[in-house]
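Undergrad: Each protein sequence line maps, in turn, to chains E and S. For the first sequence, the working numbering gives the first residue as 1, with consecutive numbering after it. For the second sequence, the working numbering gives the first residue as 1, with consecutive numbering after it.
Treat the hints loosely; a few may be bogus.
Said to hold, decoys possible - Using C-beta positions, here's what the derived DEER-type ranges look like:
1) E/LEU325 - S/GLU24: 20 to 28 Å
2) S/GLU100 - E/GLY481: 32 to 40 Å
3) E/ARG475 - S/GLU17: 41 to 49 Å
4) E/GLY481 - S/HIS112: 39 to 47 Å
5) E/ARG264 - S/THR69: 39 to 47 Å
Stated by the list, open to error - In silico contact screen, one side only, chain E against chain S (beta carbon under 8 Å); selected entries:
6) THR33
7) GLN296
8) LEU297
9) GLN300
Claimed, not checked - Residues from chain S that keep clear of chain E, each with C-beta distances beyond 12 Å, as calculated:
10) THR49
11) ASN50
12) ASP66
13) ARG73
14) PRO78
15) ASP82
16) VAL83
The set of hints was computed from the structure by calculation and includes no laboratory data. The C-beta atom is built at its ideal place from N, Cα and C for all residues, glycine as well.
These are the residues of each chain, in order.
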Amino acid sequence: MADQRARLETHDEASFRLLVENVADYAIFMLDTDGYVRTWNRGAQRIKGYQADEIIGRHFSVFYPPEIDRERIDRELATATSEGKFEEEGWRLRKDGTRFWASVVITALRDARGTLVGFGKVTRDLSARREAEEKLRESEERFRLLVESVGDYAIFMLDPGGHVRTWNLGAQRLKQYRTDEIIGRHFSIFYEPEEVSSGKCERELAIATSEGKFEEEGWRVRKDGTRFWANIVITALRNSAGELVGFGKVTRDLTERKRSEDERLALARANEAIRLRDEFLSIASHELRTPLTALQLQIQRLRKLPGNDKTATGLARADRSTLRLGELVEMLLDVARISTGRFTLSRTEMDLADAVREVADHMTDAAADAGCEVVLDLEPARGSFDRVRVEQIITNLLGNAFKYAAGTRVALTLRSQGGQAVLAVSDGGPGIRAEDLPRIFNRFERAASVRHFGGIGLGLYVTQQIALAHGGDARAENLPGGGARFTITLPLSEGR
Amino acid sequence: MTASPPHKVLVVEDDREIRETMLEIFEEAGFSAVAAGHGQAALEYLDRTNQVPCIILLDLMMPVMDGVTFRERQRQDPRFADVPVILMSAFRDVDEHAREIEPVAVLKKPVHLDELIGILDAHCNRCGKP
Numbered sequence: 001m002a003d004q005r006a007r008l009e010t011h012d013e014a015s016f017r018l019l020v021e022n023v024a025d026y027a028i029f030m031l032d033t034d035g036y037v038r039t040w041n042r043g044a045q046r047i048k049g050y051q052a053d054e055i056i057g058r059h060f061s062v063f064y065p066p067e068i069d070r071e072r073i074d075r076e077l078a079t080a081t082s083e084g085k086f087e088e089e090g091w092r093l094r095k096d097g098t099r100f101w102a103s104v105v106i107t108a109l110r111d112a113r114g115t116l117v118g119f120g121k122v123t124r125d126l127s128a129r130r131e132a133e134e135k136l137r138e139s140e141e142r143f144r145l146l147v148e149s150v151g152d153y154a155i156f157m158l159d160p161g162g163h164v165r166t167w168n169l170g171a172q173r174l175k176q177y178r179t180d181e182i183i184g185r186h187f188s189i190f191y192e193p194e195e196v197s198s199g200k201c202e203r204e205l206a207i208a209t210s211e212g213k214f215e216e217e218g219w220r221v222r223k224d225g226t227r228f229w230a231n232i233v234i235t236a237l238r239n240s241a242g243e244l245v246g247f248g249k250v251t252r253d254l255t256e257r258k259r260s261e262d263e264r265l266a267l268a269r270a271n272e273a274i275r276l277r278d279e280f281l282s283i284a285s286h287e288l289r290t291p292l293t294a295l296q297l298q299i300q301r302l303r304k305l306p307g308n309d310k311t312a313t314g315l316a317r318a319d320r321s322t323l324r325l326g327e328l329v330e331m332l333l334d335v336a337r338i339s340t341g342r343f344t345l346s347r348t349e350m351d352l353a354d355a356v357r358e359v360a361d362h363m364t365d366a367a368a369d370a371g372c373e374v375v376l377d378l379e380p381a382r383g384s385f386d387r388v389r390v391e392q393i394i395t396n397l398l399g400n401a402f403k404y405a406a407g408t409r410v411a412l413t414l415r416s417q418g419g420q421a422v423l424a425v426s427d428g429g430p431g432i433r434a435e436d437l438p439r440i441f442n443r444f445e446r447a448a449s450v451r452h453f454g455g456i457g458l459g460l461y462v463t464q465q466i467a468l469a470h471g472g473d474a475r476a477e478n479l480p481g482g483g484a485r486f487t488i489t490l491p492l493s494e495g496r
Numbered sequence: 001m002t003a004s005p006p007h008k009v010l011v012v013e014d015d016r017e018i019r020e021t022m023l024e025i026f027e028e029a030g031f032s033a034v035a036a037g038h039g040q041a042a043l044e045y046l047d048r049t050n051q052v053p054c055i056i057l058l059d060l061m062m063p064v065m066d067g068v069t070f071r072e073r074q075r076q077d078p079r080f081a082d083v084p085v086i087l088m089s090a091f092r093d094v095d096e097h098a099r100e101i102e103p104v105a106v107l108k109k110p111v112h113l114d115e116l117i118g119i120l121d122a123h124c125n126r127c128g129k130p
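Just chain S, same shape as in the assembly (with noise of 0.2 Å):
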């Protein structure tokens, strides 16, 4: 599954329970997981990190940037630009603004967490970053 160094995740999530939850998750997984509770805070750390993650959950609904901006933003740095995301969005409500974000998956709330690793494991390996 996953050889040293590990694959780098990013979890752009407001609610804190959920954001700590998935960093442990994915710490458990074998991941390298960071977090962020807002767009804005994530462009930040993808501006000052030397490690691009490999891939990006991202909710819709956030304070201070929301996830549709932060993804607009994040395209227009080549620096990251080619990151793919993991849109979560609640179960029934993929708003019409997904579309914008083109993710290359959409996970449902609530969510499969064996479904959940299966994505992140197929991006990852495929994307050859550390």
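Just chain E, with the same shape it has in the complex (with noise of 0.2 Å):
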């Protein structure tokens, strides 16, 4: 039986030994309790460089770096036989004198009494791991400064709770924390009160963790207090194993194109509350003129028939107010062709001098009413005009002399000049008030108080209007002497 184990037991120390000697991947070999080099085998020759002649019988301090001293090698030796093992991770030495990253683990061997009889000792080269690691080690950091130094975006980690783990110069410039100041504080803090007591930061972090990210543009409050519109982007980081280590956190100022947006918003509201205004005036202006016309006209037909002296009067009254009625409402039907572009000139030849002197004509009786004295001081001004709406001008400016300077001089001059007619309304009225001149020819803009003076401050919108259709302009002014002029240029040809 004895004999038949020891057989066995020498069979199986060939096999083992055999196994040893060819094991490439790993240098496996003996050492002496000196630390002498007693076997060798076919990893430690690939990894070190050396025949089995040639080392078996040096020490193994040839196989550290010069920077190792012996005391420390001995060390190895000590610790291996104390403890029973030594194990360590370092640089190595080949033959030709190249370093490479070593695994080295040393065992003491004993007989069957305990007796140190040497030292196993396990290299492998790890210079591949290691240089992959130092690869990857570099990538991050290379990575890491590229995240900390980008500025227009906060990109920030928090771990699985919520909580901030890494800030970079965008985080601080957006939300304003220091790196000191954030770190371990609850990614809650960047929420309004009430977002964060709704629940909404547990939310994000549940809908990141099971759908791998969460997104929304939303309100977000800085270290101040103040607000900023931001894009933000949740999403959950994993490891290999798949479990949850945190989440990434990608942050956005939009504030100023949330505001340009707003602002475009608030405009395009206006605009169509405005074309919905003049398009109201115009169909109301449009619908107000057929029954006035038959009113007109009835008025007209009644007055032309016998009656008293009563009937005739109030019938003429009648007659005056439709006429007056009908002048709003085509001077509303000008304003909603003006302002809905469908303002036209139907321009023919001719001296303005004549249209001047028949409206001041047709007036005669309008200003025996208000008291004043037309005076007329006109030069021919031939050219191209749109004779109703040149009339029109004269109407309103006339018009409005006598309405605001009643019983004072109105002097009409006209004049043409450098390729203009220019057209001159003075009176002798107060004059027209500092802060009223910038906005006289705006819409539905009055120099007098409502309770004064009555109309619908058109006329000299609509004035200024026609000037301009005409290629020229209105201005309005107060005299050295009191008053107020009103002057009307006009291109006498229409090339422009």
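Make the complex out of the two chains shown on their own, each in a separate frame, by following the hints.
TA: Written out as structure tokens, the structure is:
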């Protein structure tokens, strides 16, 4: 039995030696108690570069780089002796002097009586792994530096519980916290209190966890309490085992974009409101015109029929009122035409002086009613004008003077100079208040209060628009000696 | 002004109040007046009448058939092609279509009655028709 066991053991030992000798990936060899190499295998030869006959009998300190002193090498054997094993990773030398990163295990070998008989040494070349690790570390470092230096985006990490773990320049700029103030704080600090209490933060992390990503635009709060409109992406970060290790959060400030969008919307709404008003104005004034015409015709007809004096006086008043009503409706129609771009001229060759004389003649009664003396000083001004429209200008300006400068002298002058007709209406009234001058030609503006004077404040607006449509202009000023002057310039020919 | 039989005027106008008022006015001024609410009705009247009017007062915007179309058809029928037309158009709003109509006068709204009667008298006395 004993013999058989001895044989078997001998056989096993032989197989084992063969196995060890042929292992190529590990250097496996034995040292004697003093550290001298006693055996060598294929792996040792491949990794360290020595043939067995070159190295057997030499001290194992030849495998160490020069910066590691002999004392430390001896300590390794002492450790293995006392602890049973010494293990480390470190630089080792090949025969040709090049280095490799080695994983080293030195095991104390003892006989059956416990006497130290030597050491087993297993060495593995980890250079490739170390190189890969080094590259990864460098790449991570570069990436970290990149993220840290991004200024336009807040890019940072949260732990699985939502506490800030990293911070970058963009985060500091956007949210105003320094790295040392924010690391470890819960990210709910960036939200408005009511959102925090509604559980929004937890919901966002839950969505990111289940769907991989959470994205939204919304208001966020800076350190100083001000708000900004942010685009936020929260991404769940998982390790290779699929376990959640935290969240990446990227936040962008879109306040400027939101502001310009809001302004654009407000402007569009305002324009739409103006368009609706003009459309209403246009439809309403058109609709008013037909019954007004019927009314005017009927009143004029009744005035022709025989009746008593009272009826005649009443119908005359009614006739004047419908005429005034008609003028107002036409004025509203003009405003609607101007604001919808449907205001067009129909020009003919004419002398402006004739039109001025004609209108002034028609308005003799109105001048007398206002107690105004109208003085004409006209030179011929032949050109291409829309007769109806320039008559309207003169009517408006004279009517204006009769209304605001009643009882004064109204002077109408017409000159033709530098290719332009210049028409001026001056009165001896109170003039125009300085604060009203800049807006006197605006729509629905009136220089005097509604209590004193009626009218819907469109006459001067329409007057200026007619002048502009002719390629000219209208302006108003106060005269040094009191009174106001309105000046209209109209190019004599159409060419622009 | 008018001898018997009276001159005939055709009013083509879609607004009933304006139309009826004009009929009253013309009757009272000594004309014989007829009216139609749109161009199609006016053509039908001209087709069946044995007394063609000496003048037509025509509105532009009307349902069924507008003023321009009416004038086009009217001028295609030799029986009444030469009847002149007075265009009734809103003040300051003489449409460019008005040129196609070639009216003898454009009556601006607001209408001045004396002016209108004057125009009618002048044309009807000239046309020689009853």
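Undergrad: Hey, is S/ASN50 genuinely clear of chain E, shortest beta carbon separation above 12 Å?
TA: At roughly 30 Å from the nearest Cβ of chain E, S/ASN50 sits farther out than 12 Å, so the non-interface label holds.
Undergrad: Taking C-beta pairs only, is S/THR49 more than 12 Å away from all of chain E?
TA: 25 Å, holds
Undergrad: Minimum Cβ separation between S/VAL83 and chain E greater than 12 Å?
TA: 23 Å, holds
Undergrad: Taking the minimum C-beta separation from S/PRO78 to chain E, is that value above 12 Å?
TA: Answer for S/PRO78: holds, closest chain E Cβ roughly 34 Å.
Undergrad: With respect to the beta-carbon atoms only, verify the hint that E/ARG264 and S/THR69 lie 39 to 47 Å apart.
TA: 46 Å, holds
Undergrad: Checking the smallest CB distance to chain E, is S/ASP82 really beyond 12 Å?
TA: For S/ASP82, whose nearest Cβ neighbour in chain E is about 28 Å away, the distance exceeds 12 Å, so it holds.
Undergrad: Return the status of the interface hint for E/LEU297: holds when the least beta-carbon distance to chain S is below 8 Å, violated otherwise.
TA: Interface hint status for E/LEU297: holds (4 Å vs cutoff 8 Å).
Undergrad: Hold the hint about E/GLN296 up to the distance rule: shortest CB distance to chain S must be less than 8 Å.
TA: 5 Å, holds
Undergrad: Far enough from chain E: is every CB of that chain over 12 Å from the CB of S/ASP66?
TA: 15 Å, holds
Undergrad: Less than 8 Å between beta-carbons is the criterion; does E/THR33 satisfy it with respect to chain S?
TA: 123 Å, violated
Undergrad: Check the following: the C-beta atoms of E/ARG475 and S/GLU17 are separated by a distance inside 41 to 49 Å.
TA: 44 Å, holds
Undergrad: Quick one: are E/LEU325 and S/GLU24 within 20 to 28 Å, going by C-beta?
TA: Given a distance of about 22 Å, which is inside 20 to 28 Å, the answer is holds.
Going through the hint list in order, the structure does not satisfy hints 2 and 6.
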